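Let the sequences and hints guide you as you build the complete structure.
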Amino acid sequence: MSGRGDFPCRNEPLDVSPSGLANWQPILERLGVAYREMQDIERRAKLAGVPYQIELQCSGAVGERALFRALAAHLDLPFDDEIAPETIFLPEEKGLEALRLPYGIGPVIALEDADRTIYLVAPERLDIAAMQRFLRKHREIADRIRIVAPSVLRRALRNRSSERLSRMAINGLFEAKPEFSARHVLNGWQGVAVGSIGALIIVAFALAPFSALVILHLLLSVLFLACVLLRVAVSQEAREPSPPAVLTTMRPAEMPVYTVLVALYREADVVPELLVSLGRIVWPRSKLEIKLVCESDDTETLAAIRAQELHSYIEVIEVPPHGPRTKPKALSYALPLVTGEFVVLFDAEDRPHPMQLVEAWERFRSNESGDLACLQAPLMITNRGESWIASMFAFEYAALFRGILPWLAKRDLVLPLGGTSNHFRRALLERVGGWDPCNVTEDADLGLRLARMGYKTGTISSPTYEDAPTTACIWLPQRTRWFKGWMQTWLVHMRDVPRLYRELGRTSFLVTQILTMGMWVSALAYAAFPISAAVLLVIMLAQDNPVNHYTALLALDAVNVIFGHGAFLALGWRTLPKTEQHGLWRHMMWIPVYWALLSAAAWRALWQLYRCPHVWEKTPHRPSLWKLRDIQRRKLAPNPTSLGSSSPIASSSRPV
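My numbering puts the sequence shown at residues 32 to 687.
Calculated from the structure, these hints are not laboratory results. Here the structure is a predicted model, which is why all the values come from computation and not from measurement. For glycine and all other residues, C-beta sits at the position ideal for the given N, C-alpha and C. Incorrect hints may appear among the rest.
Said to hold, decoys possible - Taking lysine to any residue pairs in the SDA-like style, the calculated list, with each CA pair at most 25 angstroms apart, reads: (1) Lys487 <-> Leu341; (2) Lys487 <-> Thr370; (3) Lys208 <-> Leu127; (4) Lys649 <-> Asp300; (5) Lys125 <-> Val347; (6) Lys208 <-> Gly401; (7) Lys77 <-> Arg156; (8) Lys487 <-> Arg270; (9) Lys208 <-> Arg131; (10) Lys487 <-> Arg442; (11) Lys77 <-> Pro57; (12) Lys649 <-> Met548; (13) Lys77 <-> Ile345; (14) Lys77 <-> Leu52; (15) Lys168 <-> Arg100; (16) Lys649 <-> Leu522; (17) Lys487 <-> Arg457; (18) Lys487 <-> Pro529; (19) Lys609 <-> Met620; (20) Lys208 <-> Glu534; (21) Lys168 <-> Arg147; (22) Lys125 <-> Asp111; (23) Lys208 <-> Val646; (24) Lys487 <-> Ala458; (25) Lys441 <-> Val347; (26) Lys441 <-> Asp402; (27) Lys125 <-> Ser182.
Claimed, not checked - Label pairs and their computed distance ranges (CB to CB): (28) Ala284 <-> Ala627: 30 to 40 angstroms; (29) Glu68 <-> Lys208: 44 to 54 angstroms; (30) Pro133 <-> His169: 24 to 34 angstroms; (31) Lys208 <-> Ala284: 34 to 44 angstroms.
Dropping the structure here:
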């Protein structure tokens with residue numbers, strides 16, 4: 032249970048009035064805050080519709096510990112720097128409920144010794160005058176009150192609830208909706224089907240090799256051409272990317288709390304750049320919460336974060352190192368700690384457009400039915416000139432995020448999400464079960480699950496900038512993980528085919544087959560095309576009449592490859608910015624090589640699906656601040672700013 036109900040630091044909203052400054056002025060003067068800055072904080076608090084203290088804590092005018100130590104001195108109460116989690120007298124589930132309360136945690140009872148309890152108070156909406164009256168009225172308990180910094184109390188409650196959070200993250204989806212969990216690669220009938228199909232293929236090639244070859248060719252060609260036809264259809268409407276939408280004037284008081292989730296693992300090198308990028312996000316700081324989610328044994332990344340002086344709206348969440356060690360497991364651990372009405376997911380290397388959250392909120396707000404669950408922002412590659420792999424990666428991303436996904440969203444079809452820059456309504460994200468910790472492409476799986484449960488996914492235009500892998504040794508493990516995850520996703524959602532068809536509808540069902548199964552099957556098949564062509568050519572040359580049924584199969588292979596390359600090239604051309612369309616012949620030259628690498632990644636993924644289905648191969652990232660400066664110079668994004676507050680994410684000059 033939490034503390035007494037008559038404490039004057041409850042969780043209900045407080046009226047915003049000039050008295051907030053009057054109450055806090057003596058404390059801030061003691062801390063050396065200029066009166067003009069106090070007035071600026073009050074103005075921003077009124078603009079955002081939040082209590083003075085909330086804006087004060089987000090402003091960076093004074094460090095959190097310094098502020099609450101001064102508050103304790105002003106109230107003549109003790110200040111505790113640290114809290115031992117085991118001393119908190121609160122059940123785990125109540126602790127989690129307290130962590131989700133908007134604008135702070137109420138008083139918490141803790142054990143000071145075997146026969147004495149104290150009240151831990153980390154007030155974030157405090158009426159100082161009311162607190163002083165309370166202390167005068169209840170002198171008998173005043174000596175049992177300890178003021179603590181909110182981040183210290185939150186960390187203690189998190190640590191106390193870490194085992195429960197881990198169980199929820201690992202088992203939550205499997206226990207609530209086992210049919211959507213990738214914990215088991217195959218269910219019973221799928222295992223029988225895979226074994227039967229494998230045996231049938233072996234027997235068919237043993238008894239009637241040519242007939243088996245023809246049938247296999249036709250089946251693979253149908254899937255391959257389905258992917259080609261989708262690209263052709265999209266390319267008919269695809270256009271060069273337009274600038275981000277011009278947005279109307281925002282009223283900060285109307286804006287909700289927005290949560291930014293960033294999962295980091297072995298990302299120490301990019302932490303400074305990440306904080307710069309997040310610091311440019313346009314959103315009232317008093318209504319922004321940023322969760323940096325790290326593995327507890329990732330000491331280098333944690334040290335890099337702790338080397339920065341973070342503002343109060345940033346929280347570092349340490350995830351215990353329990354398996355599976357995946358990004359969706361880490362996100363699932365953090366989700367119960369989120370308080371925002373909306374949640375956006377970024378990767379450590381991302382550089383989101385400053386207006387992205389505002390555009391997403393505008394779209395959510397205009398959805399009167401409330402069934403728009405997710406918005407996908409486009410990803411744009413900024414290092415395409417570093418290598419041919421980066422160039423092809425940028426070409427591929429343009430086709431996906433500027434072509435295929437907007438085309439699907441326009442028709443309200445199922446939309447497999449990209450792995451980052453997904454904006455969610457938190458209530459709907461939780462309703463569908465959140466992320467699957469066992470699926471290594473949790474994004475595609477979640478997009479399908481949202482569609483199956485009747486929710487819509489859309490796209491926005493404000494991009495997220497990131498760098499592509501520049502070498503094959505980095506690219507291959509990443510693409511292997513993607514293919515393995517698409518295989519997992521297809522197998523999970525095909526466990527009950529009639530139900531999937533009913534929930535998605537005919538068109539989305541077909542799109543699902545193309546985008547989940549078709550993509551990886553066609554990648555697997557691509558390796559077989561040159562082998563098949565070589566065998567057929569040898570057979571033809573060995574015969575007296577080379578023009579026969581073998582010629583037809585060889586022609587079919589040639590058509591598949593030519594049309595596949597052509598559709599890939601056409602869609603990429605239509606979706607690339609004009610500034611990047613020069614030198615198109617280079618793309619044409621590398622397509623066969625790139626597709627061969629795709630095939631290698633698909634076969635590697637198939638092997639991993641059998642041997643280690645839940646292993647997450649980490650993609651290393653490097654700093655790219657010079658690219659961020661280049662984006663600013665070319666005016667692809669506005670200068671750093673914010674609504675209601677312009678404080679950066681980290682400040683080396685701020686008092687601690």
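Original post:
Among the hints numbered above, which are violated by the structure, and what are their numbers in rising order?
Top reply: The structure breaks hints 1, 25, 28; every other hint is satisfied.
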